[in-house]
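**Student:** Here's the letter readout for the chains.
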Amino acid sequence: MNWIYFVDLFGTSVFAISGVLTAMQKKFDIVGTLIIGFVTAIGGGTIRDLLIGRVPVGWLQNRSYLIAIVLGYAVAYIFKNKIIQWKRSMFLFDTIGIGLFTILGIEIALDYDLSIEYSIILGVISACFGGVTRDVLTNEIPLIFRKEIYATACFTGGLVYVLLTKVSSFTNLNIVVAIATVIVIRYLAIRNKWSLNFYKEE
Amino acid sequence: MNWIYFVDLFGTSVFAISGVLTAMQKKFDIVGTLIIGFVTAIGGGTIRDLLIGRVPVGWLQNRSYLIAIVLGYAVAYIFKNKIIQWKRSMFLFDTIGIGLFTILGIEIALDYDLSIEYSIILGVISACFGGVTRDVLTNEIPLIFRKEIYATACFTGGLVYVLLTKVSSFTNLNIVVAIATVIVIRYLAIRNKWSLNFYKEE
Amino acid sequence: MNWIYFVDLFGTSVFAISGVLTAMQKKFDIVGTLIIGFVTAIGGGTIRDLLIGRVPVGWLQNRSYLIAIVLGYAVAYIFKNKIIQWKRSMFLFDTIGIGLFTILGIEIALDYDLSIEYSIILGVISACFGGVTRDVLTNEIPLIFRKEIYATACFTGGLVYVLLTKVSSFTNLNIVVAIATVIVIRYLAIRNKWSLNFYKEE
Numbered sequence: 232m233n234w235i236y237f238v239d240l241f242g243t244s245v246f247a248i249s250g251v252l253t254a255m256q257k258k259f260d261i262v263g264t265l266i267i268g269f270v271t272a273i274g275g276g277t278i279r280d281l282l283i284g285r286v287p288v289g290w291l292q293n294r295s296y297l298i299a300i301v302l303g304y305a306v307a308y309i310f311k312n313k314i315i316q317w318k319r320s321m322f323l324f325d326t327i328g329i330g331l332f333t334i335l336g337i338e339i340a341l342d343y344d345l346s347i348e349y350s351i352i353l354g355v356i357s358a359c360f361g362g363v364t365r366d367v368l369t370n371e372i373p374l375i376f377r378k379e380i381y382a383t384a385c386f387t388g389g390l391v392y393v394l395l396t397k398v399s400s401f402t403n404l405n406i407v408v409a410i411a412t413v414i415v416i417r418y419l420a421i422r423n424k425w426s427l428n429f430y431k432e433e
Numbered sequence: 232m233n234w235i236y237f238v239d240l241f242g243t244s245v246f247a248i249s250g251v252l253t254a255m256q257k258k259f260d261i262v263g264t265l266i267i268g269f270v271t272a273i274g275g276g277t278i279r280d281l282l283i284g285r286v287p288v289g290w291l292q293n294r295s296y297l298i299a300i301v302l303g304y305a306v307a308y309i310f311k312n313k314i315i316q317w318k319r320s321m322f323l324f325d326t327i328g329i330g331l332f333t334i335l336g337i338e339i340a341l342d343y344d345l346s347i348e349y350s351i352i353l354g355v356i357s358a359c360f361g362g363v364t365r366d367v368l369t370n371e372i373p374l375i376f377r378k379e380i381y382a383t384a385c386f387t388g389g390l391v392y393v394l395l396t397k398v399s400s401f402t403n404l405n406i407v408v409a410i411a412t413v414i415v416i417r418y419l420a421i422r423n424k425w426s427l428n429f430y431k432e433e
Numbered sequence: 232m233n234w235i236y237f238v239d240l241f242g243t244s245v246f247a248i249s250g251v252l253t254a255m256q257k258k259f260d261i262v263g264t265l266i267i268g269f270v271t272a273i274g275g276g277t278i279r280d281l282l283i284g285r286v287p288v289g290w291l292q293n294r295s296y297l298i299a300i301v302l303g304y305a306v307a308y309i310f311k312n313k314i315i316q317w318k319r320s321m322f323l324f325d326t327i328g329i330g331l332f333t334i335l336g337i338e339i340a341l342d343y344d345l346s347i348e349y350s351i352i353l354g355v356i357s358a359c360f361g362g363v364t365r366d367v368l369t370n371e372i373p374l375i376f377r378k379e380i381y382a383t384a385c386f387t388g389g390l391v392y393v394l395l396t397k398v399s400s401f402t403n404l405n406i407v408v409a410i411a412t413v414i415v416i417r418y419l420a421i422r423n424k425w426s427l428n429f430y431k432e433e
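Chains A, B and C supply the protein sequences, listed in that same order. Count the first sequence with the working numbering and you get residues 232 to 433, in order. Count the second sequence with the working numbering and you get residues 232 to 433, in order. Count the third sequence with the working numbering and you get residues 232 to 433, in order.
There's no promise every hint is true.
Since the list gives no way to pick out one identical chain from another, each pair is judged satisfied if it fits inside one copy or across any two copies.
To be verified - DSSO-like mimics (lysine-lysine), calculated; alpha carbons at most 30 Å apart, straight line: (1) Lys257 with Lys311; (2) Lys257 with Lys424; (3) Lys313 with Lys258; (4) Lys424 with Lys311; (5) Lys257 with Lys313; (6) Lys258 with Lys318; (7) Lys311 with Lys258.
Keep in mind the hints are simulated off the structure, nothing from the lab.
Pulled out of the complex, with its shape left as it was, chain A reads as follows (with noise of 0.2 Å):
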């Protein structure tokens, strides 16, 4: 039980406080609510998981992924007008969470053989898709494909990390780099209004 895994469930948690709220907003019922949070949480790791032959899916294997997920449901229904305070740590929560999901993602593909151009990918698969999931499931144009710098903040986030285990053996400090670069790339997208679309905005 070491830092690392702590980190995933608290970020499935916060995965799941997400889709919950996105789910709420859409006034689906507490069935629903409870789908939503739970896609949400696991989409991206499943998607990688079926991707690479990893079956039963990670979460399957493990109850602790459940438990994590129905405390996040219960935490969004319970403080739900408080959440919207804490806006700014969901948000720092959220960016660790992908930044630990694409580098666990990347670790996993890697084990399965699979390049390291890939091995990024799936890294990054399993970081976002959840919430293309989750966004495809309430009707919605996923929001990774429009608006948010997410992707792009995680895959440099991989690439970091890829590149500085080739030069460095502290696994945990290049973990934490990585992490740092995912969270500074979309602290400052925000900050100064990035954007990479070549589009006017309307």
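On the provided structure of chain A, position chains B and C as indicated by the hints.
**Tutor:** Below, chains B and C without anything else, positioned relative to chain A:
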């Protein structure tokens, strides 16, 4: 060729009919309606099989499912004006179908050594995610997230089934009682306009 | 490196171009367009591979697909104004692509000991579900359900291919004839405004 297998195939046909009717309302062509009927019928079981690594997925190993779907497709086109009058029967068949699909999904998951909680979840996925796939492909917000007590009925039926297997060894009876639970919950829910929604209906 | 492999990679590029162009029309950013191009190019084959348990899925095992997609992406951005003038060529390349993808899908399914009917279905899925995935992710009702004779052309081409392999051992010729079938059907359908829709067009 026991009664369970027969009900499984019959449920597959009924699911296909419901998918074809939905697609016809959307004015899909004869190919589009066939694809939607197909996906509605096998979607839930396919997702379950992929998640646990039961591949090639179930229906690919048995031509009977293809025949059941094509029959349902033909029935939907031939009797499309009559089916509305059969509403009550269709509702009953559909509910028997989701009840059985839940139980079969649970049994398959337990065979793959999954925990009881995850097996019940996979049972619910087997029964409900064909409809979710249908709704995603027809660009609708999945019905089970908003209006129906569908998933809850499956979950309760699945729970009843698992509890019964602990105390009774009459498999057939256990299955019938679990399916009856699903039917009763869904019937009462519609009769009493139960809703799991915290919000006022618009 | 035979001609089939070359056409496969070329078709992958053309599919990626079509996905990128669709995403550009939706004003996705440079990351969003890349993801949609990617998904359009590999979506159909990925779904086929997942259903039969061919994992890690095909493209993850061969870097050439990644290169083909990135090339298609670059071409779409560099020549975006010209591609409209190339409409006729694009249509031809796209149709050759879906024809070949159908046949390759059938061969892979037969290798996995699936029945002939299911192999043809998986061939059609290989060719058509990249576009379905693109449409779902861009929040559109999949085109093949409403307007195009796309799936029917693939199905017929696949059937012709399977029948030819029973009577002729000239594999290359069989493939060319099957692809020509797909081209002819799609060309005639558009020329004659065939529609498989029973309803009047709005």
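**Student:** Does each hint fit the structure? Answer for all of them.
**Tutor:** Hint by hint, here is what the structure shows:
no. : hint               : verdict
1   : Lys257 with Lys311 : within (14 Å within a copy, 33 Å between copies)
2   : Lys257 with Lys424 : both (27 Å within a copy, 20 Å between copies)
3   : Lys313 with Lys258 : within (18 Å within a copy, 34 Å between copies)
4   : Lys424 with Lys311 : both (27 Å within a copy, 27 Å between copies)
5   : Lys257 with Lys313 : within (19 Å within a copy, 35 Å between copies)
6   : Lys258 with Lys318 : both (21 Å within a copy, 28 Å between copies)
7   : Lys311 with Lys258 : within (13 Å within a copy, 33 Å between copies)
In this structure, none of the earlier numbered hints is contradicted; all agree with it.
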